[in-house]
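Sequence lines, in order, name chains A and B.
What the first sequence shows, in the working numbering, is residues 28 to 390, in sequence order.
What the second sequence shows, in the working numbering, is residues 99 to 463, in sequence order.
Don't read these hints as lab results, they were simulated from the structure.
Ideal Cβ positions, reconstructed from N, Cα and C, are used throughout, including at glycine.
Honestly, I wouldn't trust all of these hints.
As the list claims (entries may be wrong) - Restraint-style ranges between C-beta atoms, simulated for each label pair:
#1 B:N210 - A:K368: 57 to 63 Å
#2 A:K356 - B:N348: 50 to 56 Å
#3 A:P320 - B:K124: 26 to 32 Å
#4 B:N165 - A:S260: 25 to 31 Å
#5 B:G137 - A:R349: 56 to 62 Å
#6 B:K353 - A:G231: 31 to 37 Å
#7 B:S319 - A:G380: 53 to 59 Å
Single-letter residue listing:
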Amino acid sequence: MGKGGMSVDDDHGEEQNMAAWLVAINTLKIQPFNLPPLGPHDVRVRMKAVGICGSDVHYLKTLRCAHFVVEEPMVIGHECAGIIEEVGSEVKALVPGDRVAIEPGISCWRCDHCKQGRYNLCPDMKFFATPPVHGSLANQIVHPADLCFKLPDNVSLEEGAMCEPLSVGVHACRRAEIGPETKVLIMGAGPIGLVTMLAARAFGAPRIVIVDVDDHRLSVAKSLGADDIVKVSTNSQDVPGEVEQIHKAMGADVDVTFDCAGFNKTMTTALSATKPGGKVCLVGMGHSEMTVPLTPAAAREVDVIGIFRYKNTWPLCLEFLRSGKIDVKPLITHRYGFSQKEVEEAFETSAAGGNAIKVMFNL
Amino acid sequence: MVIINTEMSQSEDEEINMAAWILGVKDLSIQPYPLPSLGPHDVKIRIKAVGICGSDVHYYKTMRCANFIANKPMVLGHECAGIIQELGTQVQSLAVGDRVALEPGISCQTCNFCKGGRYNLCRGMKCFGSASTHTHGSLANMVVHPANLCFKLPDNVSLEEGAMIEPLSVGVHACRRANISPDTNVLIIGAGPIGLVVSLAARAFGSPRIVMVDVDNTRLSIAKDLGADETILVSTSIQDMEKEVVQIQNAMRSKIHVSFDCVGYNKTMSTSLNVTTSGGKVCLIGLAQTEMTVPLTPAAAREVDVIGIFRYRNTWPLCIELLRTGKIDIKPLISHRFGFSQKELEEAFETSARGGNAIKIMFNL
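Pulled out of the complex, with its shape left as it was, chain A reads as follows (with noise of 0.2 Å):
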C-alpha cells in the first residue's frame, strides 16, 4: 500500500481523491490523498461507510496509541465499507459495482505467525491509521481485493463498516471459546462491550452479565439483550461487594469474563469473578502494567487469554448480519457527512463519549 500524498495531482482530470488527514495534536484536515497504482490484485473502493474507533481518536488527541507514534500526517480511519470502482488484473472475485466491508490490516503472509494463520500478530502487518500507514476515512482507498469482503443483499454498507469493532468481538469469542455452556460476564459497556455482547450471544452464551460505571450504557447495554446489568464504581475497595452482585446477578458461576476496559479494577474484579478453570479474556487496553491478584486466579487455573485485533472474521461476521443473528445498527448513534466541520463535530462527539456508542460517517 503506497504512502499517497498531499500534492494535487489531476493529470486525467479525474476527481480528486480527499481524505481526513491528521495533521496535528486535535488537527484534523480534509485534503488531498493521492492513491498509490492499483497492483493486480488489488481493487479501488469508493468508501461509503466509515466509522470512528477509541484508537482514532486517542491518535487525534495525543498523536499516539500504544507504543505507536503519528510523525507525520496521516489519513484517519479504518472501520469502513464501500463499493468497488476498479480491480486490478488478476482479481477475479469482485466486479465494480459490488458493496464490500474491508479488513484493515494488510499482514506479510511470509512469517511464522502469518503461514500459522494467527496473521494479526505478524510483526510487519500495515494497519489502517496505525502510523505510518494511511487510513480510509477517504472518499477512494486502494486495497487488496482478498481483504474486501461482499456484502450480502441484505447488509447495508453502515452495517459492513460495522464489521470491524463487531470482529473484536468475534475474535474474543473464539479465543474464549464461547459456547451454549460457557456464562458470560463483560466489563464495560461501551463499544466493544457491546459488540463483545452480540458476539457472545451470537456463540450460544445463555447467559450474560454485563456491568459499568454508566447508567445510560447500561440501560444500552440491556436493551441490546443484556440478562442482567449491575453498575459498578471505580473504586477498588467495593471489589468483593461488586463480585457479590455479579454472582447473584449470575445465579451461576461465571465461566468466561471480558474485560473490555482493561483497569487494575476491572481485571482485579475479573480474576476474582470467574470460576476455577475459567477464563479472563483481556480485551480492553487501559493501564500498561497492572496489580492484580494474578496469583490467586492461576491458583484457580483461571486462564488469562489476551486479544489483538482478531483474524478470518469478516465471513462469519458478515453470515450473523445477513442472518440477523446479530443487529449491530442500534450500536450506530450519530451520523456524519464528510465535510470539514462535521468532520470536527464527529470526533469531537466520539471523544465525549457518554450517550455515543457508534459515530458513523456516510460519504
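Please arrange chain B on chain A, whose structure you already have, making use of the hints.
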C-alpha cells in the same frame, strides 16, 4: 503433648501407627496416628518413601500455606509411595505386597469439576497434609487411601521414584496445559525442585530447547546437569530485567514459545511476559506473591496468554511410564535422605527449609 484419638481403639497386638505431626510453628513430633477403618474401596499402605515439599516446609515454619491455616495438629507429607498391606473388600486391581505410588488428593467425584475431568479444581478436595480441609498427610508408618489413587509401580521403578511422581506431576500437568511439544522452545524461571521437574517433563514432551534461569549458581549447575540447554544467572533486582530479557532471548536463539514461572514474583512474571513471543504462553506455577504488578496489557495485546496451574490431574500413569522407560530420570533430584526418627525428622525439615543444594529431601521408612 501426646495425641491419641480416643474414639479409635487398637487391638493389643497391632503395631501402633506413628506419624510426623506438626503441633505448632517449628514443632514437629512423631506420635501415634490411628487410622480410620478400611472402606470397601480402600487399601492400607505401609509407607516406604516420603518426600518433603515446599508446602510442608511452609506449615512447619508458619502453620499456614497461602490461605490455608493449620489451627490444630496435623500430619504432614504428601509425596509418597509404599507397599499394600491390606485390601478393602471390593478392591480387585491391587494385591497385598504391591508396590504403589500414591496420588494424594481425594476429590468428591460428584461435582461439575470432577465430572468434567478437572478434579484438581474440586472445591471439596481432601489432600494429604493440607489444612484446607484439615486432612492428615502421609509421613507415617501406614495410611488408608482409596485404591483408585494408588498406582502400581513397574519392577524397575523404585519406591523413592514413586514418591517423586507427586512433584513430577506438577511439571507434567503444566506441560500439558502449556501444550509443550517439539515445536515449543521453553524458558523456565527458577531452578528449584519445581523448575527442575518442569524441565524434565518439558524434555519428555519433546521441547527442543530449554533455557533455565535462577539467582543461585549451584541450582543452575544442577539444571545444566539435568539437561537444560543453557542457564543464565539472574538477579532479584528489577533494574536488571531489561538486560536479562536480552540475555534470555540470545540464549534461546529463537522465539520463546512458553515461559514457566516457577517462582511467582513481579520480576519473574514481568520477565516471562516480556520475553515470550506473540501468541505464546506464560505458565504461572510458582505461588509467591498474591497481588502482582506486571506488564499484563502489552502481553495481552500480543496474545500472550497466562495459564494457571493447580496441582495436577490424571498424571500418575504417564509419570510411571516416563520413569519406566527412562525417558525421565528423577533420581538425581533426591539430594538428601533421612530415616523416620524424631531427630532425623527435625534435621530433614531444617535441611529442606535451607534450600541451596537441598533439592528433594526424602524419608525412607
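Quick rundown of the hints versus the structure:
1. B:N210 - A:K368: 57 to 63 Å: At roughly 58 Å between Cβ atoms, K368 (chain A) and N210 (chain B) fall inside 57 to 63 Å, so the hint holds.
2. A:K356 - B:N348: 50 to 56 Å: holds, 53 Å
3. A:P320 - B:K124: 26 to 32 Å: holds, 29 Å
4. B:N165 - A:S260: 25 to 31 Å: Holds: the Cβ-Cβ distance is about 26 Å, inside 25 to 31 Å.
5. B:G137 - A:R349: 56 to 62 Å: For G137 (chain B) and R349 (chain A) the Cβ distance comes to about 60 Å; the hint holds.
6. B:K353 - A:G231: 31 to 37 Å: holds, 35 Å
7. B:S319 - A:G380: 53 to 59 Å: holds, 57 Å
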